[in-house]
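A.B. asks: Read off the chains here:
There are 4 protein chains.
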Amino acid sequence: MNYKDIIEKVYNETKEISNEGKIATYIPELANVDPTMFGVHMTNLKGEGFGIGDNLVKFSIQSIAKVLSLTLAYKIMGEKIWKRVDVEPSGTKFDSLLLLEIFNGIPRNPFVNSGAIVICDILVSHLGNAKEEFLDFVRDVSNLPNLTYSDKIADSEKAHGYRNVALCNFIKSLGNIENDPTEVLDFYFDMCSLEMNCQQLSYTFTYLANGGLKISDGSKIITKPQSKRINALMLTCGFYDESGEFAFKVGLPGKSGVGGGIVAVCPHSYTIAVWSPLLNPNGNSFKGMKFLEEFTTHSDFTIF
Amino acid sequence: MNYKDIIEKVYNETKEISNEGKIATYIPELANVDPTMFGVHMTNLKGEGFGIGDNLVKFSIQSIAKVLSLTLAYKIMGEKIWKRVDVEPSGTKFDSLLLLEIFNGIPRNPFVNSGAIVICDILVSHLGNAKEEFLDFVRDVSNLPNLTYSDKIADSEKAHGYRNVALCNFIKSLGNIENDPTEVLDFYFDMCSLEMNCQQLSYTFTYLANGGLKISDGSKIITKPQSKRINALMLTCGFYDESGEFAFKVGLPGKSGVGGGIVAVCPHSYTIAVWSPLLNPNGNSFKGMKFLEEFTTHSDFTIF
Amino acid sequence: MNYKDIIEKVYNETKEISNEGKIATYIPELANVDPTMFGVHMTNLKGEGFGIGDNLVKFSIQSIAKVLSLTLAYKIMGEKIWKRVDVEPSGTKFDSLLLLEIFNGIPRNPFVNSGAIVICDILVSHLGNAKEEFLDFVRDVSNLPNLTYSDKIADSEKAHGYRNVALCNFIKSLGNIENDPTEVLDFYFDMCSLEMNCQQLSYTFTYLANGGLKISDGSKIITKPQSKRINALMLTCGFYDESGEFAFKVGLPGKSGVGGGIVAVCPHSYTIAVWSPLLNPNGNSFKGMKFLEEFTTHSDFTIF
Amino acid sequence: MNYKDIIEKVYNETKEISNEGKIATYIPELANVDPTMFGVHMTNLKGEGFGIGDNLVKFSIQSIAKVLSLTLAYKIMGEKIWKRVDVEPSGTKFDSLLLLEIFNGIPRNPFVNSGAIVICDILVSHLGNAKEEFLDFVRDVSNLPNLTYSDKIADSEKAHGYRNVALCNFIKSLGNIENDPTEVLDFYFDMCSLEMNCQQLSYTFTYLANGGLKISDGSKIITKPQSKRINALMLTCGFYDESGEFAFKVGLPGKSGVGGGIVAVCPHSYTIAVWSPLLNPNGNSFKGMKFLEEFTTHSDFTIF
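Protein chains in written order, with our numbering: chain A, 80 to 383; chain B, 80 to 383; chain C, 80 to 383; chain D, 80 to 383.
Among the hints, a few may not be true.
In this list, chains with the same sequence are indistinguishable; a pair is considered to hold if it fits within one copy or across any two.
Claimed, not checked - In silico DSS-like cross-links for lysine-lysine, where the CA-CA straight-line distance does not exceed 27 Å:
1. Lys83 - Lys328
2. Lys162 - Lys101
3. Lys137 - Lys303
4. Lys299 - Lys125
Because the hints were derived from the structure by calculation, they are not lab data.
In isolation and in its complexed conformation, chain A is listed as follows (with noise of 0.2 Å):
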């Protein structure tokens, strides 16, 4: 079978299951989504795409976003970043906080909310306008030019985000933030209100099945070694406390959202994303999940 045929059974087998997953409370915006949506894109490294379903309607990308504004301060800070954020797995969640203080506030790695904060806190200490200049950047990689920022979420993040203000508080206290919280959340919550649709999502992350070129024009975005990085990083820690399962279900580097989005990519192969607003028990699309191990188990796209 070739990629469209297996997407478009795994796809219509997948839609049957019951879906056992539940809508993101935390936020309160995320929950007037319709929980029905379920949408499937794959590009390959031409730009051909196939999609299915719900493909082209726009959802929150929600933590996404993160390996975006990674990929932004690696390319301005190089390898010095690791001094500010680890490249191991978190573990659980149950050690988050105790991990930060025994580790002196260096965060695990940048997928984590504490280690994504440290990144926004780099961005806003190199960049003159942080959240424009992110946004300029994402514009150019994913050739959106009027992609924004949705306030609707941001705002309703900022109202309830008390976690993520104490996460950034705690790591201020430890010494890893140079600048005022208030001023790194208010940019983190916006980075992490971008919207996209299946399609633009996975054209998006084309660069990391690339080696860090854009496909459209083979202009740099990162340097190869970067991209192949961020890619093991996406591997071992790109789905919180199910990171393991993932790469052994799934077998791809690959990056979930609260909303209900996974982006995943083959390196020199394609790119793939998924979305299907309701969430298992650990903050994954529970159809997202399922389809892309269907996906890989039936096929020889993964990387192992």
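Fit chains B, C and D to the given chain A structure using the hints.
C.D. replies: Frame of chain A, contents of chains B, C and D only:
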């Protein structure tokens, strides 16, 4: 450059750098090894190999054997094995016992000591004579009919392995060990006492680069999906506290042992074994890590 | 020897020993105090006192005020207060955030920072103007009608109290803070900024040696059982990580503050306040601890 | 009311309340006890006693014996003993193993299992025959020349004490056990198997209410400061996870055992022993705790 030239170049460069590692001291018998030993051997899927340095000197493979015991237990129990042990990275040593308690005696993965002990318990339950039948299995996989346990190493560990005695009894008290702790530990220490040289070790692991099949005769050791999953586990959990770092810098599934050996697997392509006894602070071979990092950075031999 | 002679003797001996303590640095304003200050004052239940050294110099009582805020909240809520905060020692600083998560936002006791913040939240909920009404309460208990908060100290803490901002927002995210974190913290920092001298401090705490009654007029501040229970809490939880050490070496209920003050209570008998600004590694006054240890070892003024 | 009337009244009231406790199950032999047993005995410093209910029925004192082994080890080593074990409350069961690792094998206090095992190690090191000499010591303190260990109880624990085997080997691996773990544990299980009735138990502990001296002949068991310090330790650490609760509600130094016994000490005044086998969720006698809380609330027999 072809792979032989790259290996030779990186080997010679790595040989020159000052070795900051230290000998493993917690198993007295291991301290008797010559600290200057340094060998590398690569094997491709046709069985062709290339070795350099002390690649034909035998050493204690220690924790590397955990991949082989997992393979046998997985072959016997199938997916039910994951009810006894999880597939998540363990975070850090700081939390291992805490996490065992929180997760009711289910170890985080089969490569931390607690997980490997549970795998030994599974083999003791399912095999008439675990010690003998496991040895037969490894002899078959490695095409080494005369392979034996090292009583010297095993006895040295048995006399000083208080931490492992503690782990096994702790898991027993939490209900996830079926047999007598003394019997399980006895097998565990034997299992870790196997000795191979770099050539044998890289050859033994070729089934994981070959979809679960022996390269010599194509016979099935495990299924293709099982093979992919063991590779995923090695990538996320194979290097103690440094698993993320290895995936990040080397970009290959692999497993290290305190004897100073490391084996890495490039699916569909090759395996490579490195040995140098002095260890970095995380318990992985200092020069072995340096060699593999350089080797994959200067080549396309990675999965990312 | 009578108590005056013992106090004089131990004071003079303790004055001579080399002070290994360090000034508290996390609140910049506290660093401006004269580090050689050393005062002691004892008050018996007739209101008779005996002081020595710098016993009439005012200092920032800091965490000692947590006993007074607990007293007021306990008076208001009665035993229902223990649904919001527990009565157990906290073990060590290593676990404080971990334990908050495991126990769903219920702090281990009212004297760790998290517990004192929850007590402030209770007072903000129950009082029209917590800041004013708490000050009125302390003025009444201490017979000091002109007592005020120190804006300098409070402002200095507000500008650097990231750790407490983290704690309050973390508990809010776990559901155990009712009010806006900013408002609760504002009151918390004011509360900790009260200033007294040793004479005033020992006098203020006499109600806890007197079964909850003011010694000046016999009026009831809290009930006798409540008074006993606050004493028990000071004994088990009053000295951060050193609570066991204080009970062990001094044998009295007591409370310390990072301003270098300590107050101790001998039920049915007396109270004693000590002040010396330099702190030991656990954050308790170096000379204060030494004085009290010697004082109770050479007398029968303990509860054991 | 005099103390006899109070004991009688509180005993009868407590007898009536529904017992929500459960039998200890982790030592099978303990499960054979009659769950309706309920006895109380008080002894004053003249040796006069008053008992009620099943106060003359023998039971397994279990962890209460840890006070006696500590007394003997303290007598032998003096203050040097605190280099091997600390004097701090342990927080909660969740952190016990974590804290052992963080504090390099130094248990938090001598009453958690890890601490009591280290005390046993000390006695094995200092005595020719720890088992016999400890028994002689307890016979002398208790004036019970025929006291013996219960082999049935000890054997039952030895066959199921995996958690304690784990603890002892873990501490050995951290360097704070001098002898062979098997020998230390053997003594530990014997030590916990002592049996007494309430009358004997309260009599045995009178030396701690009497400044370290036997009340029968005034001979010195330990010094007065040592006696005060053991009382302080019982107050802060005597009741597992409920130590704070006991200090808070009862207000006396005391020690409980999983056999359902509790002994409490009112310095300069009396001792009291209670026994009822069913345990609350924290492992302390359900009715024993209720009785002591009521007894001290309705009397002035507390230290606060």
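A.B. asks: If a hint holds in the structure, say so; if it does not, say that too.
C.D. replies: Evaluated hints:
1. Taking the shortest Cα distances, Lys83 and Lys328 sit within 27 Å of each other inside one copy (21 Å), while across copies they are farther apart (34 Å).
2. Taking the closest pair of Cα atoms, Lys162 and Lys101 come within 27 Å of each other only across two copies (24 Å); inside a single copy the shortest separation is 37 Å, beyond that limit.
3. Neither within a single protomer nor between protomers do Lys137 and Lys303 lie at most 27 Å apart by alpha-carbon distance, with minima of 30 Å and 37 Å respectively.
4. In this homomeric assembly, Lys299 and Lys125 come within 27 Å of each other (Cα to Cα) only inside a single copy, at 16 Å, whereas the closest approach across copies is 37 Å.
The structure fails to meet hint 3 from the earlier list, while all remaining hints are met.
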